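J.: Chains as they are written, first to last, in the working numbering: chain A, 701 to 1132; chain B, 701 to 1132.
What the hints contain is simulated information worked out from the structure, not anything from laboratory work. It cannot be assumed that every hint is accurate.
All copies of an identical chain are treated as equivalent in the list; a pair is satisfied when it fits inside any one copy or across any two copies.
Once the Cα atoms are required to be at most 35 Å apart in a straight line, the calculated DSBU-like pairs of lysine-lysine come out as [what the hints assert, rightly or not]:
1. Lys889 to Lys710
2. Lys1118 to Lys1078
3. Lys747 to Lys861
4. Lys986 to Lys889
5. Lys828 to Lys771
6. Lys771 to Lys1078
For clarity, every value in this text was computed on a predicted model and none was experimentally measured.
2 protein chains.
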Amino acid sequence: MNKVIDPSLKSWIEVNQDSDFPIQNIPFGIFKTPGGDSRAATRIGDKVIDLYSLALHGFLDGLGFHPDLFKCETLNAVIASGKTACRALRTRIAGIFEQSNPLLRDHPEIHGEILFLAETIQMLMPVKVGDYTDFYSSIEHATNVGIMFRDPANALLPNWKHMPVGYHGRSSSIVVSGAEIHRPKGQTKPDNAELPEFGPSRQVDFELEVAFITGRQPDLGTSVTTAEAEDHIFGLVLFNDLSARDIQKWEYVPLGPFLAKNFGSVISPWIITLDALEPFRVSGPKQEPAVLPYLQFDGDHNFDVQLDVLIQPENQREQLVCHSNYKYMYWNLAQQLAHQTVNGCNINIGDMYGSGTISGTTSDSFGSMLEIAWKGTKPVKFPDGTERKFIHDNDTIIMRGYCKNENLRIGFGEVVTKILPATIHQSRIINQ
Amino acid sequence: MNKVIDPSLKSWIEVNQDSDFPIQNIPFGIFKTPGGDSRAATRIGDKVIDLYSLALHGFLDGLGFHPDLFKCETLNAVIASGKTACRALRTRIAGIFEQSNPLLRDHPEIHGEILFLAETIQMLMPVKVGDYTDFYSSIEHATNVGIMFRDPANALLPNWKHMPVGYHGRSSSIVVSGAEIHRPKGQTKPDNAELPEFGPSRQVDFELEVAFITGRQPDLGTSVTTAEAEDHIFGLVLFNDLSARDIQKWEYVPLGPFLAKNFGSVISPWIITLDALEPFRVSGPKQEPAVLPYLQFDGDHNFDVQLDVLIQPENQREQLVCHSNYKYMYWNLAQQLAHQTVNGCNINIGDMYGSGTISGTTSDSFGSMLEIAWKGTKPVKFPDGTERKFIHDNDTIIMRGYCKNENLRIGFGEVVTKILPATIHQSRIINQ
C-alpha cells in the first residue's frame, strides 16, 4: 500500500486551489454533529466527512473497523488500530471521493448524513492527551532567549547541542482551536521590587509550535530508536503554547516552567498524518558537534511546513506578525522521541510532544512576541494605531500551517485562541 | 455524618495492634481477584474486602452506588461520586464490619466471595492519573539541595518562601508498589569531562514523598482557594519519586527535571482518605515572611504521618535508612492546590500531587540517599559489609507510613520498589 495518495488525484468534492484539505490530505479529527454526538471525521475541501455514517453505509467494510469505533469522543481507539489500518482507511477514503467513483457521488440522497459544511459544525479535541512533553528544539529560539535573559556570548546552555532539551507539560489544560482563555493571574516580581506581587500577568505571549501525537504504547522500560520513532507517530497538529512571561521568570528556577504554561495550551483540530506530509520531507540543519549514537539517524526527518501567526485585535483586521517554518528545527521528531524514551519512559497513544517555539533566523520569522518585540524593546505597530509588546485582552491569535509545492498544498488549517480579561473572582466552585 | 469513625469501634475481623488498617481507616484501592478481574476494595486488618461482591449481596444498598461501579480498573468513577457519598460508604463499611453486627459476620458461607487474604492477592494502580505535579515543599530538603549544589549561604532560592515551587511530572510512568524498575540509561557529564557520555545512571536514588489524589474537576479558568482545597482532595498515598541524580544534573537547566524522573515513579496501593487522617491533623511550621493572600489559610493542614525508608539488598535483611514525618512540610496541601489552580489551571479526578522529598532536620530524617550520604561523602554502611551512596542493582526500597496516638494507628501500608540492572537492548519493539 502506498503511503502517499497520488498527487494527480481529484475529488468529486470541490476543492479550492488554496484549500488545506485536498484529497491527498485526509486528516483525522472529531466533530460534533448537529444532533450533539461526537464522531470521528476527515475533511476534503470545505466538507467534514462523518466516518461513522460512512461506515454505517458500508463504505469502510472489509478494513477491520467496526462502525461504532467512529462514534467516539476522541480518536485514541481509532489510532490504536495501528498505522497500517489507518493507512488503508485513508486510501479507502481517497477512493470513495475520487472524482470518477460514482458509489457515493451519485447518491446525493445520503450526502446529508455523511457530509457537513465545515463552517457550520464544531470541531472538538481530536485526542485524549495522556502526557504532554514540550521540547525546546529551535536553535534560533533558544539562542534568542539566551541572549535576552542570560549571556549573549554564551546564549546556548552547555547541554543544548547534546540533547533535545524538554520538560513535562500539563495535559489537562490542552484545548482545541476556538478556545477563549482568561488572562492568568499569578505571582510576578518586577526587577526593582523587594517582594513578589499577585495579579493578572502583564506578559501573555503565544509560542508558535508544531506537536506530534503518538500512536503506539510500548511498555515501561522500552526505548524507541530514531529508526523506529516515526512508526510510533500518528501525525502532527499546530500548537499555540500560551505563556505568561512574567510569571515564568519568577517561578521557573530551579524546576522549570509551571503556572506560566498551564492556563491553556491550544491545538488545531485536524491531525495531519506523517503519510500526508511525506512529499514535504526535507533534511534538517547540520548538527555540530556530532550527537551521541542514540540520537543519530538515517534519512530526512524535517518537514517543510510554512507557519504564519496573525494577531487580530477586537473588531480589527488580522495582522501577520510571524512567518516561520517547521523545517528550521535543529532536533527532529525522531530524535525527540528517541530521547524521551531512552531511559525507559513509556509513551501512550494520544500523547503530545511539542516542538518548542519555532523561530527562523530573521526577526519576521520569530515564533513569539517575546522575540518579535525583543523583550518589549521593539513594539509591533498595528493599523489601528496600537502597539503590542505582548498580547492584549480580547486579542485573537491565529496560527496557520501549510506545505506547498507546484502540484500540491497540504495544510493544517488553523489554531485560533482568544485572550479574555482576567477573571475577577478567584473561585466559582460550589460545595457538593 | 461524622468524618471520623469512632476510635473505640472494633471489627469482627481480627486486627493486630500494629496493623495499618483498623476499622477506622477504610482506605480505597483496586485489587485483582483470583479470577483475574479488577475490583474496588477496602481493607481491614489483613483482609481485602471486595466492594463489588459486598454491593452484589446488598450490603451497600441505598447509598446510590450501582454495584457495577465497583467492578472497575481504577477508582476514578467511584471518587467521582463525591466526597459525601464516599464518606457515607466508609461509614456503611465500618457498620458492616463492626464487631456486634451479625449481618455478614454470621454468614461465613459468603465470606469467601467478599474477603481475601491480603498476602494472596495482587494490588493494582488505584487510579488513572491524568496529570501529576511534583512540589518541592520541604524546607529542609530544599535547603540541603541548595547547600550541596549551589551556595550554602543562600541555599534557598528567592522564590522558595513565596510559593510552593512545583513542576509537571510524567503520569505514564507512575506504577504501583511491587514494581521492578530497570536502572535508567541516559546522558551524564562528569565534572571533569569535556563531553557528555551515555550509559546506565550511576546515581539512582529514592525520594520519600506523600502524594494527594484529587477528587473533583472544576473547569479550566477556575481557581480553588485554600479554604476549598481539601474538598477537592480525596486522599493520600506514599510515593517513591525515583530519581537519577547524574542524569538530572546534566539535563535540568533551564527547563527542570525530565528523564531523571520519568523512568518509574512508585505509589502505595491504598488511598487513605483525609477523613481517616483527621485525628492526626497538626499545625505546620510558621511561614515567614508572610505569604500572599491567596496562599493564606485557616486551620491546620499538616498531618502527623511517620515515614520510614528501608533498603533491602538482595538476599539480605532490610535496613532503616530514614525516619521522617509528613508534618515537616513547609507548604501544606491546601496551599499546593491553591497555587496549582490560581492561574486557572484545571484539575481532574485522579490527578496526583507529590509533596516533594520530605526531610527532617537531622541526617537520620533526610528523605533521599543524596542527602543521607551527603552527595556521596558519607556512605551508609550495611550489615553485609557493603556501603551505599546511592541505590545498587537488585536493591529493594521499602517505604512505610503510619499515624499513631495512644488509641489509634492509621497506616498507609508500604510502597516497595526493586531496582533491576539496566537493560542491554535499547529496543524491544516489533513493527506492526
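J.: When no copy is named, should Lys828 and Lys771 be tagged within, between, both, or neither for a Cα gap of at most 35 Å?
T.: Both: 15 Å inside a chain and 23 Å across chains, each within 35 Å.
J.: One pair to classify: Lys771 and Lys1078, alpha carbons no more than 35 Å apart. Within, between, both, or neither?
T.: Neither. Shortest intra-copy (50 Å) and inter-copy (60 Å) distances fail the 35 Å Cα cut-off.
J.: Check Lys889 against Lys710 for me: Cα-Cα at most 35 Å, and say if that holds within a copy, between copies, both or neither.
T.: neither (57 Å within a copy, 55 Å between copies)
J.: Is it within, between, both or neither when you check Lys747 against Lys861 at 35 Å Cα-Cα?
T.: Answer is neither: 44 Å inside a copy and 55 Å across each miss the 35 Å cutoff.
J.: My question is about Lys986 and Lys889: at a cut-off of 35 Å on alpha-carbon distance, are they close within one copy, between copies, both, or neither?
T.: between (40 Å within a copy, 23 Å between copies)
J.: Could you figure out if Lys1118 and Lys1078 sit no more than 35 Å apart (CA to CA) within one copy, between two copies, both or neither?
T.: within (23 Å within a copy, 55 Å between copies)
The structure shown violates the earlier hints numbered 1, 3 and 6.
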